[in-house]
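The sequence shown lines up with residues 258 to 353 when you count with the numbering used here.
Hint data in this document are derived by calculation from the structure and do not stem from the laboratory. Glycine residues also receive a C-beta, built at the ideal position from the N, C-alpha and C atoms. Treat each hint with caution, since some may be false.
[As the list claims (entries may be wrong)] Here are the simulated DSS-like pairs of lysine-lysine, each with C-alpha atoms no more than 30 Å apart in a straight line:
#1 Lys290 - Lys311
#2 Lys347 - Lys311
#3 Lys347 - Lys290
[As the list claims (entries may be wrong)] Ranges between beta-carbon positions, derived for each pair:
#4 Thr329 - Gly300: 18 to 28 Å
#5 Gly326 - Val296: 16 to 26 Å
#6 Gly289 - Gly333: 14 to 24 Å
#7 Arg302 - Gly343: 26 to 36 Å
#8 Glu319 - Ile339: 18 to 28 Å
#9 Gly343 - Glu319: 24 to 34 Å
#10 Asp288 - Ala334: 32 to 42 Å
#11 Glu342 - Arg302: 28 to 38 Å
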Amino acid sequence: MKYLLIILLSFSLVACISDEHLRGQVEPSQDGKTYFSIVDDNGGRCGSLLFDGKPWDLPLSEVVEIEAGEHTIYCGASISFIVPEGVVFKFDYWGP
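Taking the hints into account, I'd like the entire structure generated from these sequences.
Here you go:
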């Protein structure tokens, strides 16, 4: 029983290790620049979607160049997240 508990604990710890970002998928960009895309608009429940205080008028999944660092999306409430340098950040998670 003791060994089973150790094995289960080990699997739990391995499952928790991730380099994923909570708010989206991140992959290295091909040219080293930083890009951003909104791939999920919270089921269309946002109305006016704001990115860093400005309206986001681009279609879902369209990728645009941005500066790395902290950014904010507003969809009824503000969500802040950090975009690392040299990646394509695809925002897809509106949960807590």
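Status of the hints after comparison with the structure:
Pair hint lysine 290 plus lysine 311 holds up; C-alpha atoms about 21 Å apart against a cutoff of 30 Å. With a C-alpha separation of about 18 Å, the suggested pair lysine 347 and lysine 311 falls inside the 30 Å cut-off, and the hint holds. For the hint linking lysine 347 to lysine 290, the alpha-carbon distance of about 14 Å falls within 30 Å, and the restraint holds. Judged by the Cβ atoms, the range 18 to 28 Å given for threonine 329 and glycine 300 holds: they are separated by roughly 20 Å.
Our hint of 16 to 26 Å for glycine 326 and valine 296 holds, since their Cβ atoms are close to 20 Å apart. Taking 14 to 24 Å as the suggested C-beta distance range, the pair glycine 289 and glycine 333 does not conform, at roughly 35 Å. Separated by about 32 Å at the C-beta atoms, arginine 302 and glycine 343 satisfy the suggested range of 26 to 36 Å. Our hint of 18 to 28 Å for glutamate 319 and isoleucine 339 holds, since their Cβ atoms are close to 21 Å apart.
At roughly 20 Å, the beta-carbon separation of glycine 343 and glutamate 319 lies outside the given 24 to 34 Å, and the hint is violated. Taken as a hint, the range 32 to 42 Å holds for the pair aspartate 288 and alanine 334, whose Cβ atoms sit roughly 34 Å apart. Distance hint check for glutamate 342 and arginine 302: the Cβ-Cβ separation is about 31 Å, which falls inside the suggested range of 28 to 38 Å.
When the structure is compared with the earlier hints, violations turn up for hints 6 and 9 and for no others.
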